[in-house]
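**Q** These protein sequence lines map, in sequence, to chains S and G. So the first sequence is residues 1 to 303, counted in the working numbering. So the second sequence is residues 304 to 756, counted in the working numbering.
Among these hints, one or two may not hold up.
If the Cβ cut is set under 7 Å, some of the chain S residues that face chain G in the computed set are [claimed, not checked]: (1) ASN55; (2) ILE59; (3) ASN272.
Listed below are the simulated SDA-like cross-link pairs for lysine to any residue, each with C-alpha atoms no more than 25 Å apart in a straight line [to be verified]: (4) S:LYS269 - G:ASP395; (5) S:LYS269 - G:LEU451; (6) G:LYS719 - S:PHE243; (7) G:LYS719 - S:GLU265; (8) S:LYS269 - G:ARG751.
To be clear about the criterion: a stretch of chain G counts as covered by chain S if any three or more of its residues have a C-beta under 8 Å from a C-beta of chain S, and this derived list gives those stretches [as the list claims (entries may be wrong)]: (9) 398 to 404; (10) 413 to 425; (11) 569 to 578; (12) 581 to 595; (13) 713 to 724; (14) 746 to 752.
Since the hints were derived computationally from the structure, they do not count as laboratory data. The C-beta atom is built at its ideal place from N, Cα and C for all residues, glycine as well.
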Amino acid sequence: MSAISIRKVQSARSRSHAARNVSTMGVVVALFLIAYYALVFIVPFYRAIWLSFQNWDFIVDPIYVGMRNYDHVIHDDYFWQAAKVTLVFSVAEISIALICAFGVALGIHQLPHVLQRFYLGLFYIPVVVPGIVSILLWRWLYLPGDGVINGVLSRFGLPVQPFLNSTSQALWCIIAMVVWANLGGAAIIFFAGINEISIDLLEAAKLDGAGLWRQTINIIIPLLRPIFFYQVVVSVIGTVQMFEQFYLLSGPGFSTRTLAVYTYELGFKTLNLGYGATVSIFIFLFLLAATVIQVQRFMTKQS
Amino acid sequence: MRNLNRRHFLKTTTATSAAMLGYGTGMRGAFAQDPTPVPTEEPTLIGEGGTEITMWVQDFGPLVDSFRKSAEAYVAAGNDVKVTVQPIAFGDLLAKMLPSIAAGNEADIMLGYTDWYVATDISRLFLNLDGLLGSKEELESTLFPSTLSTIAMPEGSIYYLPYLAGVRSAITTYNGAMYEAQGIDPESLATWEDLVEAGKQLTVMDGGAMSVAGLSPLSASLSMVKTWIWQVGGDFYNQESGEWKLSSPEGEAAVQRLVELVSGDQPTVSYDLASSATEFEVWNQGKIATHLNGAFTIGVTPEELRAGGIPTPTLAEMVNDVLYPEHIAVVTLSRRLADNDEKRNHCVAIAKGLLSADALIDVTNQYSGLICSKALYDDPRIEETIYGPVSKRLAQAVWPRCQWPRDHVANQDPAKTEIDRALRGEISIQEALSNADSYLNDQESQARERIGL
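Could you put the whole structure together from the sequences, leaning on the hints where they help?
**A** If you want it as structure tokens, here you go:
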């Protein structure tokens with residue numbers, strides 16, 4: 001029997017073996033998941049694309065407008081203004097949150113075991129607090145005049161601040177709130193990553209005279225690169241889609257109007273669903289581009 | 304200096320954090336009086352009958368009570384219905400109203416606001432009420448006629464029942480305690496200019512910062528611009544062509560009046576103290592003497608402020624005595640009722656109960672805004688309710704002067720924000736008005752395309 005014939009037989013046996021191993025239950029579960037995915041993602045996504053070519057308000061028959069909505073987005077100052085707010089928020093929030101979370105994780109890692117649990121629990125409390133409660137709490141803290149933070153500032157002789165009344169401060173107020181709310185979750189992931197680093201490696205570095213700073217820069221951060229990558233990708237998506245915080249802690253003017261809020265306003269307040277859908281398509285494209293760039297950078301560094 | 308070891312660092316930071324927290328919360332005992340947001344109430348089930356009826360109402364105490372009482376009275380009269388009264392927060396009600404109607408699962412009886420419905424074809428939203436609650440002429444004889452003309456109605460039909468209104472910008476609300484302390488009688492303020500002068504006297508500066516705003520127009524800025532354009536004989540919207548034009552000498556003068564209040568020689572309000580979003584909270588703290596947020600605020604203001612209201616004084620140079628009260632709350636019925644005579648009759652009867660003199664008089668025990676029923680104020684019982692007298696005085700002075708542009712832009716917040724930017728000095732008045740026109744014209748043209756105008 002020639003080598004080619006042997007390979008053909010082996011290939012046929014392999015296919016037959018694979019066919020016998022197909023589980024009916026597995027196929028059913030897979031089909032269910034595919035159907036579910038199609039129902040909650042693919043259908044709405046294609047519906048959104050269709051809608052972006054219409055002028056529709058929920059009630060009247062949709063009117064086909066061709067590329068008008070897309071052309072409108074390009075020339076819409078409100079869209080670009082919202083995109084700028086979204087970009088500033090994402091970059092600032094992710095940068096601050098990652099540095100803080102890593103710092104907290106590193107700090108907690110230096111503590112005795114009992115205190116580690118205590119502090120991890122303490123930092124994790126905001127994560128389990130319902131979002132609406134956190135937002136209202138911070139709204140209370142930021143109240144102008146008689147707010148808690150202004151109370152503390154005035155007790156120390158510092159000038160009171162307008163916070164959410166100010167176009168220049170409102171966004172940073174929300175950034176502070178979001179960093180506080182999500183710090184615990186990110187810190188735990190970093191903490192788990194640091195714990196995974198071989199103690200031998202760190203001990204060897206210590207013997208070579210490396211202090212905590214050198215260990216952090218030369219060992220811990222490089223080894224935590226996959227975690228940083230994961231956090232950045234998830235945070236980019238999370239911050240761009242964030243809504244409640246901006247809706248309930250909104251600042252004056254357009255200072256805190258992000259693309260997510262703009263989309264909501266177009267759809268549910270202005271009743272211009274077609275244009276709102278177009279803006280949401282652009283958000284999707286931005287997120288896709290940001291994620292692809294991150295993945296490419298990570299893969300390049302890994303290789 | 305002693306080295307800071309880990310134990311010492313932890314003790315210090317923990318103690319400092321605890322002290323800061325205690326310090327911050329301890330001195331805020333007075334905050335307990337501030338309004339606290341509460342979760343939306345659970346629905347109330349009334350009756351055990353065979354016909355199920357659902358009512359949606361904004362989760363504002365007086366409105367919810369009135370809806371419940373009307374349903375209870377209808378059930379108590381022996382009608383075979385089971386009524387669910389569902390209170391819903393303002394923003395949620397706005398967000399779900401049109402999608403629910405489109406999906407065919409809206410409530411049978413709904414409370415909403417006229418400006419939610421202007422950007423679509425209202426005849427496809429709600430049940431045509433022609434003849435169900437009397438003829439248009441009969442309604443006009445019992446209601447203030449202006450309340451029936453807030454939205455352009457196809458073929459002059461009736462699709463909503465005017466209920467009540469806070470009338471932001473048309474009413475000036477004042478802190479009676481502050482006015483009395485300054486010896487100013489709000490009823491004596493005949494013109495807008497008089498009101499501004501009073502606002503200047505009432506403004507308190509504390510070390511270079513404003514601690515009390517004498518007059519805040521922030522929540523009603525766009526409405527005041529529209530009102531003033533009309534009052535001096537101009538116009539900002541053409542019903543025929545659908546063109547918006549706030550950019551005009553009258554519009555610029557109107558915004559300039561507002562700018563003077565924020566950054567003039569003697570400002571009466573400061574953005575460091577309040578904004579459009581926080582104006583009501585700051586007012587409730589007793590730090591705003593006068594605002595234009597609407598008559599409904601009188602009834603939800605702490606008693607010690609002794610809030611009262613007057614129709615917003617007109618400009619001294621006024622040539623048209625008109626006011627623009629933004630929107631009104633209306634009661635509507637589901638279009639699905641057209642196919643169910645029995646249920647429709649029940650709903651019409653409950654809606655009639657909601658708008659009956661008894662129910663509306665009861666509302667004025669909690670609600671200080673304006674009721675749209677003209678006949679109600681002829682009932683002598685109105686004088687005996689808590690807010691009946693003030694509501695009557697304001698309604699009779701305001702409703703006959705009200706005017707509506709009957710435009711088709713549902714969300715005018717971006718235009719208001721442009722005015723706000725001019726007030727803050729971010730952009731010029733001309734740029735703000737131009738931006739507002741651009742937005743309003745864009746949305747207007749798209750709405751008209753949908754409606755088929």
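**Q** Against this structure, judge whether each hint is valid.
**A** Each hint, compared with the structure:
no., hint, in the structure
1, ASN55, "holds, 6 Å"
2, ILE59, "holds, 5 Å"
3, ASN272, "holds, 6 Å"
4, S:LYS269 - G:ASP395, "holds, 11 Å"
5, S:LYS269 - G:LEU451, "holds, 23 Å"
6, G:LYS719 - S:PHE243, "holds, 22 Å"
7, G:LYS719 - S:GLU265, "holds, 14 Å"
8, S:LYS269 - G:ARG751, "holds, 16 Å"
9, 398 to 404, "holds (count 4)"
10, 413 to 425, "holds (count 3)"
11, 569 to 578, "holds (count 5)"
12, 581 to 595, "holds (count 5)"
13, 713 to 724, "holds (count 7)"
14, 746 to 752, "holds (count 4)"
Consistency note: the structure conflicts with none of the earlier hints.
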